[in-house]
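Assemble chain H onto chain R, guided by the hints.
From first to last, the protein sequence lines stand for chains R and H. Counting in our numbering, the first sequence runs from 1 upward without gaps. Counting in our numbering, the second sequence runs from 1001 upward without gaps.
These aren't lab readings, by the way, just hints derived from the structure by calculation. Wrong hints could be hidden among the right ones.
Pair ranges (Cβ atoms, derived) [said to hold, decoys possible]: (1) G1105/H with I116/R: 18 to 28 Å; (2) P1167/H with H28/R: 16 to 26 Å; (3) R1058/H with Y139/R: 11 to 21 Å; (4) L1059/H with Q112/R: 27 to 37 Å.
Note that beta-carbon positions come from the ideal geometry of N, C-alpha and C, so glycine has one too.
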Amino acid sequence: MSAVAAAAGFPVRWEGVRFGYTGTDVLHDVSLAIGAGESVALLGPNGAGKTTLTRMLMGLARPRAGRVSVGDWDVAAKRPHEMARRVGYAFQHADQQLFARTVADDVAFGPQRLGIGADQVSDVLRELGLAEVAGRHPYDLPAPLRKLVSLAGVFAMQPGVLVLDEPTAGFDRDLRGRVVGALRRRSEAGATVIAISHDLALVRAVAQREVVLEQGRIAADRRVSPSP
Amino acid sequence: MKPIVRLRGASFTYPGVHVPALHGLDFEVRHGEVIAVTGPIGAGTTTLLLVAAGFAPRLTGGTLAGERESLVARPGIVFATPWTQLTGLCHSVFAEVAFGPASHGVPRERVLAAAQRAMRQAQVEHLAEREPSTLSGGELQRVIVASALALEPDLLALDDPAAELDPAAADALYALLREVAEAGAAVLVATPDVERAAKAATRALLLERGRVVRDGTPTEVLA
Chain R
1 MSAVAAAAGF PVRWEGVRFG YTGTDVLHDV SLAIGAGESV ALLGPNGAGK TTLTRMLMGL
61 ARPRAGRVSV GDWDVAAKRP HEMARRVGYA FQHADQQLFA RTVADDVAFG PQRLGIGADQ
121 VSDVLRELGL AEVAGRHPYD LPAPLRKLVS LAGVFAMQPG VLVLDEPTAG FDRDLRGRVV
181 GALRRRSEAG ATVIAISHDL ALVRAVAQRE VVLEQGRIAA DRRVSPSP
Chain H
1001 MKPIVRLRGA SFTYPGVHVP ALHGLDFEVR HGEVIAVTGP IGAGTTTLLL VAAGFAPRLT
1061 GGTLAGERES LVARPGIVFA TPWTQLTGLC HSVFAEVAFG PASHGVPRER VLAAAQRAMR
1121 QAQVEHLAER EPSTLSGGEL QRVIVASALA LEPDLLALDD PAAELDPAAA DALYALLREV
1181 AEAGAAVLVA TPDVERAAKA ATRALLLERG RVVRDGTPTE VLA
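In isolation and in its complexed conformation, chain R is listed as follows (with noise of 0.2 Å):
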């Protein structure tokens, strides 16, 4: 596999986030920070707040107090679309992302919005093994080939920072490789890669950092070496 068109990565911090849905608080006063090109499994148990955590960083959910940042761009001065510049964030229900008529469209809308052309579509059909389905409704495909299709249009977008929430979920082994082969390639050519996640496997093969999330706060933060 030659190497994969991505932007420079970004660093993001959270500074002193504090955010609530009705009645209940879901983070409390976090601070973190990640390094341009840091690859971090963001792990913990379900209603940790890992997902809205890193919602804030596409300005989807704002927090009550904080700052979030991406690079220079201070998230809460910036719309949503205007994030996705920087940020590519590849949503836990992959449904939420799909709705174009081919597997092709849908994985060219996001590179053709940013006006950043559409050429390396099918190399990332490619990559991930998708392109025997590009003619293919998305729908028409199992769940974790419609999830596969969401990660390459997230993908193809080239982000400087990736979010990948629960990118493996219901994958088997062979699915879980190519993952894992993207993010590798991607983290080689300086992306930042952040991603939820409660499969080991994948943990293990990509993460050079574990941060765990544990009722809305930083229960504990390490470095770790990525498995050959």
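Coordinates of chain H only, in the frame set by chain R:
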């Protein structure tokens, strides 16, 4: 005891396609079983759940050929896409879980008791007042399991129900499936997580290209 579902030479084809998603199905499902259904992506595990529970072709369209005998009175299903199962009509988790039995005309006292019991079983009691749209993926998956249990299903089909759960919650869910089966229901669970499934299942089916290629104990099939 008579099987709750029996398939003989059954094939199922989705509407608009010519190739069957499942063919040559010959198997029975009995009360008290936890059957792990596994196979490569696209092998037909999801479709097998839909056919066994009677949702295909009744809700999906398509054609079922061969024989299917069923004594299933109250099927319950948990999709691999739990967010598609929210009613969109309820503003609390408790109301969401109670919605199923309430919409079946069950008396109020029984609806409340069934919802409370199901939430306790799925360990989501602490989420009772939460707005369903604010749940995390793992929380939502457990709430949908509770919603299915509140229907007091005699056959419960679950499609990769632990995909978004943390390891402790996943273990608890599989232990719950054993309890549900021991109380008399039949449980079918499709999953790529054969290690966890092997601990909980009483039987396993391995599918390849729409056919059951192995049917036996989890040790025999999932090894």
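Quiz item: Does the Cβ-Cβ separation between L1059/H and Q112/R fall within 27 to 37 Å?
Solution: Since the Cβ atoms of L1059/H and Q112/R sit about 36 Å apart, the hinted range of 27 to 37 Å holds.
Quiz item: Between G1105/H and I116/R, does the C-beta distance stay in 18 to 28 Å?
Solution: violated (55 Å)
Quiz prompt | Pairwise beta carbon distance, R1058/H to Y139/R, judged against the given window 11 to 21 Å | solution = Holds, at about 20 Å.
Practice problem: Given the hint of 16 to 26 Å, check if P1167/H and H28/R actually sit that far apart at their C-beta atoms. | Solution: holds (24 Å)
Of the numbered hints given earlier, the model fails hint 1 alone.
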